[in-house]
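Colleague: Chains as they are written, first to last, in my numbering: chain W, 1 to 212; chain R, 1001 to 1207.
Do not rely on the hints blindly, as some may be mistaken.
Calculated lysine-lysine pairs in the DSS-like style (CA-CA distance at most 25 Å, straight line) [as the list claims (entries may be wrong)]:
{"id": "1", "chain 1": "R", "residue 1": "K1033", "chain 2": "R", "residue 2": "K1196"}
{"id": "2", "chain 1": "W", "residue 1": "K140", "chain 2": "W", "residue 2": "K189"}
{"id": "3", "chain 1": "R", "residue 1": "K1049", "chain 2": "W", "residue 2": "K140"}
{"id": "4", "chain 1": "W", "residue 1": "K58", "chain 2": "R", "residue 2": "K1033"}
{"id": "5", "chain 1": "R", "residue 1": "K1049", "chain 2": "R", "residue 2": "K1022"}
{"id": "6", "chain 1": "R", "residue 1": "K1022", "chain 2": "R", "residue 2": "K1160"}
Restraint-style ranges between C-beta atoms, simulated for each label pair [to be verified]:
{"id": "7", "chain 1": "R", "residue 1": "P1158", "chain 2": "W", "residue 2": "S192", "range": "28 to 34 Å"}
{"id": "8", "chain 1": "R", "residue 1": "R1205", "chain 2": "W", "residue 2": "E171", "range": "58 to 64 Å"}
{"id": "9", "chain 1": "W", "residue 1": "I160", "chain 2": "R", "residue 2": "K1160", "range": "30 to 36 Å"}
{"id": "10", "chain 1": "W", "residue 1": "L77", "chain 2": "R", "residue 2": "P1158", "range": "32 to 38 Å"}
{"id": "11", "chain 1": "R", "residue 1": "K1049", "chain 2": "W", "residue 2": "S55", "range": "22 to 28 Å"}
None of these hints come from the bench; they were simulated from the model.
Since this is a predicted model, take the numbers as computed values, not measurements.
All C-beta atoms, glycine included, are put in the ideal place defined by N, C-alpha and C.
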Amino acid sequence: MPLLMKEQTGRLPSETALDVPGGEARAFNVHQGQLLSIIDLAGQQPATLFAFVTSNHKEFLSPHHTRVFSNSFLLNLGMRLVTNRRRPIMVLGKDTVGTHDLLWPALDAPYLSSQGVPDTDGCIENARNALTEFGVSLPKLPDPVNLFLNVELDSTGALIPKPLKSQAGDEVLFRVLIDCICVVSAAHKDPSGWPKALPTTLQIRTLNQVPL
Amino acid sequence: MNSQNNNEYLVDGGFGIGFTAKSGQYITIIDLKGAQAGDFVAINQSDPKEGLSAVRTRRYLRSLFFGIGDTLVSNRDNPMLKVVVDTIGVHDSTVPACDPTRYSVDFGVPGHRNCLENLHEGLSEYQEMDILDVPEPFNLFQNSPVVGDGRTGVVNPPSKAGDHIVFEVLMDVVCALSPCPQDIIPGNGLLPTEMKSIVTDHLPREQ
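I would like the entire structure built from these sequences, with the hints used as guidance.
Modeller: Structure representation (structure tokens):
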């Protein structure tokens, strides 16, 4: 069955399959109704996600608005991820891990350098480079959704970095609700909270139907 | 509506105001009537692309919340403000400013006053900037506790008339303050009320 259970007009959108090498980022199109699959091939690898509405780059996926929309500091199965204009842009539909982050910043090179990892681009530079390569320049790079990242939140509001729970082959699958340009970065983990390790490859697919 | 008397800035509930402060000065923000959240932002006077960052402050403090002795940092991890007095200890830095869509999409009320435009107007009195570059706010006196299972919700602030927070200024800044116009759901006791900001050269004496 193609895309959503509603009458289809026109041709099915094209599907995408690509790998994001560790320490790099990739930008790609996702269409309304498609599924976005992100697989942590090696395990323990955070996937930093940004998404921009194709028809208006000033509207983008916002972890802050997503938290308020669901009154939740954590990203849970079935939650709608929303934009800075409070429209649902995707839904977390399948999740083999269950631990993600909506609170931690993306890293940049100056921060990595200050934490003892010099001359290394972070997600912010990688995402900007990926978007440039994709041929779009955006007015603002928002804060990210950090898939697979494990930051424990206690009742006093303390944030405690914890080992990632994702293992090789773990996957999140989103149902996408607005045509968007997504950027996924196979990020360096923040050296202030996690042991230094070389980032590893993430596998990205956009699909017109759930794989059997 | 709003008034300025020397370095005292009075702002009506639901409206916004901008002001500047120099490194070494102090900013006092007072909830004049109580139970009023005030969205607050600051940017670097010499570079509007550098602003107070809730998400980086959260990482720096390893906490959603902040209190006396804590330093709030910029989107370049530079120190901007330090909390030196806080009579209430309940503030938020996780909820985005209410904006036109908060009212038009979530409540079906287009045209409602909102913090994002208030903050943008306040900063723009001193620094021309795109509304997208208004930083994520620190919501003074706003009460967004962590409840069970990582859930939250905005409830009325416990602040009483006269409760205040004082920042030591660590970088020359342009600031904006918006006593939140939310009058539909809990957050300001359904009645937005006025706040005052005072910029001084010395730590104000406790009244």
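Colleague: List in ascending order the numbers of the hints, as given earlier, that are violated by the structure.
Modeller: 4, 6
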